[in-house]
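Knowing the structure of chain A, use the given hints to seat chains B, C and D on it.
Chains as they are written, first to last, in the working numbering: chain A, 2 to 233; chain B, 2 to 387; chain C, 57 to 467; chain D, 1449 to 1674.
A few of these clues could be false.
What the hints assert, rightly or not - Simulated pairs of lysine-lysine, DSS-like, Cα-Cα distance not exceeding 30 angstroms:
1. 1518/D with 1544/D
2. 56/B with 72/A
3. 307/B with 72/A
4. 1542/D with 1525/D
5. 1544/D with 54/B
6. 68/B with 1629/D
7. 228/C with 54/B
8. 307/B with 175/A
9. 72/A with 316/B
10. 1629/D with 316/B
11. 68/B with 1623/D
12. 37/A with 168/C
13. 316/B with 1623/D
14. 88/A with 188/A
15. 56/B with 1623/D
16. 1525/D with 316/B
17. 316/B with 1518/D
18. 1544/D with 1629/D
19. 307/B with 180/A
20. 72/A with 85/A
21. 316/B with 68/B
22. 228/C with 168/C
23. 156/B with 37/A
Please keep in mind that the hints were generated in silico from the structure rather than gathered at the bench. The model shown is predicted, which means the values in this text are computed figures rather than measured ones.
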Amino acid sequence: MLGSGLLQGLAVTAKNFVGSFHDPARYTTVEYPEVKPALPEAYRNFPFLVSENATDPMGTLRCVACQICEKECPPQCIYIEKSKDKKPDAAGKPQIYPAIFAIDTSVCMSCQICVEVCPFDAIKMDQVFEIATTTRFEALLLNREQLAKPNSYYHGIHPTEAAEVDARLAADRKAAEEKAQAAAAAKAAAAAAAAAKAASPAPKAPDESRRSPQGEGGPPTPKPQSERGAVS
Amino acid sequence: MNPELLTPGGANVRAVHDAFHGDLLEVSMGPHHPSTHGVFRMIVTLDGERIVKLKPVFGYLHRNHEKLGETVSYLGSMPYTDRLDYLSAMTNNWAYAIAVEKLAGQPVPERAEYVRVILAELTRLLNHTCLAGFLMQDCGCSGTPLMYAFREREKILDLFESLSGSRMMCNYQRFGGCRVDPTPAWVDATRTLVGNYGAFLDEFEALLTGNEIIMARTQGVGVLSAALAINAGVTGPMLRATGVASDLRKSDAYGVYPRFQFRVPLGAHGDVYDRYMVRVLEMRESIRILEQALAGLPGGPIMDPKAKLRGFRPKAGEAYGRIEGPKGEIGFYLVSDGGPNPLRYRVRPPSFINLTVLEDMCLGQTVADAVIILGSVDIVLGEVDR
Amino acid sequence: MNAALLFATTGSVLETLPVTLRDLVTGWLPEPLRWLVNSLVGVGTLLAVIGLLFAYLTLAERKILGRIQNRPGPNRTPIPFINLRFFGLAQPFADGVKAITKEDVVPDGADKVLHFLAPVALLAFSIMTLGVIPYGRHLVLLEFDAAVLYFFAAGAATELAVFMAGWASRNKYSLLAAMRALAQLISYELPLLLSVVPAVMLAGSLALPAIVEAQGGWSYGFLPQWHVFTPWGFAGFIIFFISALAESNRSPFDLPEAESELIAGHLTEYSGFKYALFFMAEYFGMCALSGMGVTLFLGGWQAPLPFLEFIPSYVWFGVKLLSLLLVFIWIRATFPRLRMDQLTRFAWKFLVPLALINLGTAAFWSLTAGWSGPLQFVRWAVALALVLVPFTLLGRRLSAGVAPRTYRYAT
Amino acid sequence: MESIEQIRDRLLARFPGAQLAVVANPGPAAQHGLLLDHEHAAAIALFLRDDPVLRLDQCTNVTGIDWPEKEIVETVKSSVPDPAGGPAKIVETKTKRLQPGCLEVVYHLYSVQHGHGPVILRLRTGNRTDAVSVPSLTPVWRACEFQEREVFDLFGVTFAGHPDLRRILMWDGFKDFPMRKDYVEPDDYEWEPTPHGAVLEKAKVHYPAPAPAAPAPTAVPPPAAG
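Bound-form chain A, shown alone (with noise of 0.2 angstroms):
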């Protein structure tokens, strides 16, 4: 009968009604100042520069001023300047670090590919968004220093992708000082021998297989175009 559908849909309006005053899964309004929401671990917002100490984060950058991220960032908002001098970094090597390094996040986009090209994991996403400013310009453009957080703010946030990294740069850590350990022991025992072999090669930065492996994409497979697959 014409009209059915009519009160039908007053129905469910009616019921949406009194559900918003008891269903949580209707009524999903968070009051956001009073009230913040749940950030999941995956969530990203702008870049920032880890640092392995608190109390000397310029000294301590992981950065070492590669610029990859600077070639590889989409719209071109990271600017890096590289040191003329080295700084010993938190495991106490000499390497150049950035002179200036910074974000314009005007222009950032938040999608975090510097992270995934990093090989150093120096770089990683805040979950920082409540950063209003007054002005355009300055205030938006992040340098070193305002970029820079410490290792122990990143396990606040991503606690699970931190843990991972650490382990992994431990690792790594470890893995470069037995083989400089091991290269001294065969530089000593070279020298002991012969006493004119050129230095071993230095030991090299924190690898970067796990990311990128070396060598040429997989051999061409195309997609099974003929399976013609279960059709109902």
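This is chains B, C and D only, laid out in the frame that chain A set:
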């Protein structure tokens, strides 16, 4: 085939114009109009409230996405694809990933294929739910269906956020797999959502599908013939609403879709109501696919271990990869010269091409109809204007 | 016994309380002046009460709409100085301040005089309609015999003001809206009037208090003799209500200001306080038509059950008025908008014939008032058939070609 | 579906004078194209659409490619017999030649009816400057209407026979063709300060700071220092 179908407007304009003799009124609907879904513009010539001519105007959101794609690396385009059709970032990602994988001959592990199907079908749910809400808003509902649609959409976006880190700009697919491996907790949460979605759809349909006003407003409005739809490159639910059985999930059988049991709903009239109903029925099939995919989700790596992230340079050649996006066929055409950036990066935007027939559908209808016809095309200006 | 007496006396005291209060103030005045001051006090009170009702109706509408849509609605405006939110109860006043302080933009090409006059005229006509409604047993501001005619004459004039606004704005959307408003007025004035005729017929008077009085008493001791509880009255009430929705430009008949099609229709070129005046007039019109509906079909200020009579009549009127207004809001939250041709077709091919048939039903009902015993059942059956059969047949005709569909699947 | 060579052979049999060439795709996708001549393009397209075996009823994707002029260095190895009678000497002669540039329009055809595809049609312009016309396929597939307009808008290819060839994404008064490889973006394209000083420098050139003494005629404020 009737050759007059091929001239835009053409015969229809004359027929309609002969039937009415009043003075014509030219109205510019948009770019700032509540129902043009962004900054779309239609220059509408009216006779009374009847439309005798309608010319779409594009480009208010144009940012030359394709040029951007040529200036950044293959990987760098991935986050930009999120911003094409910003309601369905996951399917855009997938279409782009499929094109690049074709170009480079990159295999994808099975688990990643399953995850891609799950995310694509979630995106379809999200997109179609929102579309139904928007369409009803265009019909004059005071926001109620839209708010229900957004309520459920938020739940799907929460899933996307906890997986990819972002609600809408997911940037999740990679060439040769996916970026993050979903945790068992995430899979459980998805299962819960999928389990509840049918009940939501029932309620949503109780509000809308049988509503006499909606049926009166949408049935017989904006009729599109199957012949014209095929010829004009219309794809997706719009094509299926005209009764053409065309679904790339079946015909291209990409990914692991052949492993799932699902049906393709078809309309018979090609009007707005059919377009709405085809989408609703598609959502029910999506739920079936999701249930099967979640049940059969295999273990294993999420990324092909040989896939390259940095220094990705496919050999010279070209590839056109396409998938069945929620709005239709979303395709990417890539030409590589062996460099790190594509030589040519082309997006085949479904909603842009579906707009080809907008004038044909609107002629002879009223202003009020034009609004819902546009709504039923399901456009997102980020993709139309690129 | 004592309790009943107490109730009765308090009831009558409360019943006459507004009049007593007014007489306390103005009773010492000489006669012609007293009449004038009394009228002014009445008008002032009415405007204050209805104005406050308007303010909180907007808030209630937004809140209820919000809750229906699973969101809280406006809840953040604090009460000034004490900074308490209190469910956003200060929202209407914040809206008012905002509307007053906003820049008033008049389009360059607009007819400035008409553009200014339109909201004023609209508000004036809607206030005029409020004057004749009996808000309580002793609360009729303007009591005269042709009240029904006066009400509909003033109500129809509001649409002319809408046309004025659309025409004067010199905006294509406004013009389309103006045309729509006129077509809508012509289409729905007829069923509105036709649905009122039976009520007038049965009361034998065009005066509203008489119509209310005619609905007094209870059949079988519990069923109020309101018109809505008779077959013809129920049908008439539904027709009246639908037409009232259309007359007050409310969803699903809000075509003149169709937001998704015509941006804001005749309101497109209005801003600031003029816009607020349109808004106010819309709500006044809604209140007036609801009040008319209550008066004609829902027994006016009559209590629903005999033992509830101790509650003053104006409270009953208020309760009924508010529930009707809630239905307005509920409908707005649920339904989409009709198209122009469907709107007129619905009026001419469905409501007008039904209203005409309803006239016959009412005549039958009044002629058979003396039937008793088993004949009562016959009376009800015939009357119900006279309502339902045309409804079903006409409804089927109207919705021909519009039906839920079944869909096939590709193999 | 038939291979591209089979299609070419059938087309050659059907259209004897047509100049058809298979454009091989060396990549793993192996989607080879068919280069058409302008003269027969529309007829061939119509044939492909209506041919009962192929029924390429949907033209899903139309796009342009800009091939700028390219200097190609070819190394030819030739063996020069040693006059002294020793083993032949291999001499490498390098020749430089200029590969002429062109604009190419690519059509991806699929069959909705049979569910196969793609067949890729390619049309090339004579050069990138004056002979930039190709025949329009809009009369065959309506799907080309907006996409050909887009190619015209962004690449500057004119389509002969297109019913409504106007700019579509850029505005009507726009001069250049932004998707061409040699397109130079205007210097006022983006002038807000960014970490990349190059943009800022360009902005400074475009918006010279008004001289402090003279009454500044420009209303545009100088960009804030970055």
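Checked hints:
no., hint, in the structure
1, 1518/D with 1544/D, "10 angstroms, holds"
2, 56/B with 72/A, "43 angstroms, violated"
3, 307/B with 72/A, "23 angstroms, holds"
4, 1542/D with 1525/D, "9 angstroms, holds"
5, 1544/D with 54/B, "56 angstroms, violated"
6, 68/B with 1629/D, "9 angstroms, holds"
7, 228/C with 54/B, "16 angstroms, holds"
8, 307/B with 175/A, "26 angstroms, holds"
9, 72/A with 316/B, "21 angstroms, holds"
10, 1629/D with 316/B, "20 angstroms, holds"
11, 68/B with 1623/D, "17 angstroms, holds"
12, 37/A with 168/C, "50 angstroms, violated"
13, 316/B with 1623/D, "35 angstroms, violated"
14, 88/A with 188/A, "26 angstroms, holds"
15, 56/B with 1623/D, "22 angstroms, holds"
16, 1525/D with 316/B, "25 angstroms, holds"
17, 316/B with 1518/D, "19 angstroms, holds"
18, 1544/D with 1629/D, "22 angstroms, holds"
19, 307/B with 180/A, "26 angstroms, holds"
20, 72/A with 85/A, "20 angstroms, holds"
21, 316/B with 68/B, "21 angstroms, holds"
22, 228/C with 168/C, "17 angstroms, holds"
23, 156/B with 37/A, "17 angstroms, holds"
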